[in-house]
Amino acid sequence: GGIITQTPKFLIGQEGQKLTLKCQQNFNHDTMYWYRQDSGKGLRLIYYSITENDLQKGDLSEGYDASREKKSSFSLTVTSAQKNEMAVFLCASSIPNTEVFFGKGTRLTVV
Amino acid sequence: AQSVTQPDARVTVSEGASLQLRCKYSYFGTPYLFWYVQYPRQGLQLLLKYYPGDPVVQGVNGFEAEFSKSNSSFHLRKASVHWSDWAVYFCAVTSPSGSWQLIFGSGTQLTVMP
Chain A
123 GGIITQTPKF
133 LIGQEGQKLT
143 LKCQQNFNHD
153 TMYWYRQDSG
163 KGLRLIYYSI
173 TENDLQKGDL
183 SEGYDASREK
193 KSSFSLTVTS
203 AQKNEMAVFL
213 CASSIPNTEV
223 FFGKGTRLTV
233 V
Chain B
18 AQSVTQPDAR
28 VTVSEGASLQ
38 LRCKYSYFGT
48 PYLFWYVQYP
58 RQGLQLLLKY
68 YPGDPVVQGV
78 NGFEAEFSKS
88 NSSFHLRKAS
98 VHWSDWAVYF
108 CAVTSPSGSW
118 QLIFGSGTQL
128 TVMP
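Read top to bottom, the protein sequences are chains A and B. When we follow our numbering, the leftmost residue of the first sequence carries the number 123, and every step to the right adds one. When we follow our numbering, the leftmost residue of the second sequence carries the number 18, and every step to the right adds one.
FYI, nobody ran anything at the bench for these hints, they're computed from the structure. It cannot be assumed that every hint is accurate.
Straight-line Cα separation of at most 25 Å, PhoX-like style, residue types lysine-lysine; simulated pairs [unchecked claim]:
hint : chain 1 : residue 1 : chain 2 : residue 2
1    : A       : Lys226    : A       : Lys163
2    : A       : Lys226    : B       : Lys86
3    : B       : Lys41     : A       : Lys163
Just a sample of chain B residues kept apart from chain A, beta carbon distances all over 10 Å, derived [claimed, not checked]:
hint : residue
4    : Val28
5    : Arg58
6    : Gly60
7    : Gln75
8    : Glu81
9    : Ser90
10   : His99
11   : Gln118
12   : Phe121
Note that CB positions come from ideal geometry on N, CA and C, so glycine has one too.
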């Protein structure tokens with residue numbers, strides 16, 4: 123089996139700061155995703171990538187950038203953190219038409 | 018618009034009782050449906066999946082779900098709940114075409130009483 127590793131597990135940032143979240147997978151999956159999880163709102167797709175160097179915007183991409191320089195890694199940047207923002211960011215990966223696997227998440231708090 | 022609705026934000030059941038968590042979907046085309054579970058401080062884990070075929074699908078830990086095209090539903094069931102089932106449950110839908118993006122419901126928090 124494989125694993126998805128997200129770093130850091132907890133991230134505290136200041137308002138206006140640029141923050142980067144990292145994700146590594148060893149499934150050798152082509153597609154990777156970033157979801158944002160807010161309490162009571164489920165998961166919303168921020169960005170996804172179907173292969174190395176590919177980026178596709180999800181419904182929640184405004185305020186974020188992403189980078190897929192290697193097949194195994196996918197990073198997400200919060201371009202300007204918003205005060206009182208609190209959410210969990212989940213990275214995931216899959217191969218087409220099969221199960222999507224999730225990491226354990228990065229919990230973001232902005233002070 | 019494509020969407021998933023989980024009408025119950027919170028469900029409380031006694032240990033040993035039966036369980037049904039509701040999921041309604043709105044999707045153009047052939048839906049593939051999923052139930053994921055999230056234990057505290059964990060990522061999402063797949064419970065079961067529906068690909069077109071038998072409408073009743075079996076999952077892990079005694080969970081099953083039934084697909085209904087006429088009702089646009091994919092409800093999750095378990096005959097006897099265990100305390101370890103205390104978690105948040107998410108219903109999701111996708112299509113075999115495109116990038117396999119999952120559209121999630123807002124989740125149902127399951128509390129199990131002793």
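Does Arg58 (chain B) really sit off the interface, with its C-beta more than 10 Å from all C-beta atoms of chain A? The assertion about Arg58 (chain B) is violated, with a minimum of 7 Å to chain A.
Could you let me know if the closest chain A CB is still more than 10 Å away from the CB of Phe121 (chain B)? Incorrect as stated: the minimum Cβ-Cβ distance to chain A is 4 Å, not above 10 Å.
Was Gln118 (chain B) rightly flagged as not at the interface, with every chain A Cβ beyond 10 Å? 6 Å, violated
Going by Cβ atoms, does Gly60 (chain B) stay more than 10 Å from chain A at every point? With a cut-off of 10 Å, Gly60 (chain B) comes too close to chain A, as the shortest Cβ separation is near 4 Å.
Against the 25 Å threshold, does the CA-CA distance of Lys226 (chain A) and Lys86 (chain B) hold or violate the hint? Violated - the C-alpha atoms of Lys86 (chain B) and Lys226 (chain A) are around 33 Å apart, more than 25 Å.
Checking the smallest CB distance to chain A, is Glu81 (chain B) really beyond 10 Å? Given a closest Cβ separation of 18 Å, the condition holds.
Against chain A, does His99 (chain B) keep a CB gap of more than 10 Å to every residue? Its Cβ never comes within 10 Å of chain A, the nearest being 23 Å, so this holds.
Distance restraint between Lys41 (chain B) and Lys163 (chain A), which requires alpha-carbon spacing of 25 Å or less: Distance of about 15 Å is within 25 Å: holds.
Lys226 (chain A) and Lys163 (chain A) were given as a pair; does the straight-line alpha-carbon distance stay at or below 25 Å? 18 Å, holds
Does the claim that Val28 (chain B) lies off the interface hold, with its Cβ farther than 10 Å from every Cβ of chain A? At about 14 Å from chain A, Val28 (chain B) clears the 10 Å cut-off, so the statement holds.
In terms of Cβ atoms, is chain A entirely out of 10 Å range of Gln75 (chain B)? Gln75 (chain B) clear of chain A: closest Cβ-Cβ about 15 Å, beyond 10 Å.
Can we trust that Ser90 (chain B) is non-interface, i.e. its beta-carbon lies farther than 10 Å from all of chain A? 17 Å, holds
Violated hints, listed in ascending order, are 2, 5, 6, 11 and 12; each of the other numbered hints is respected by the structure.
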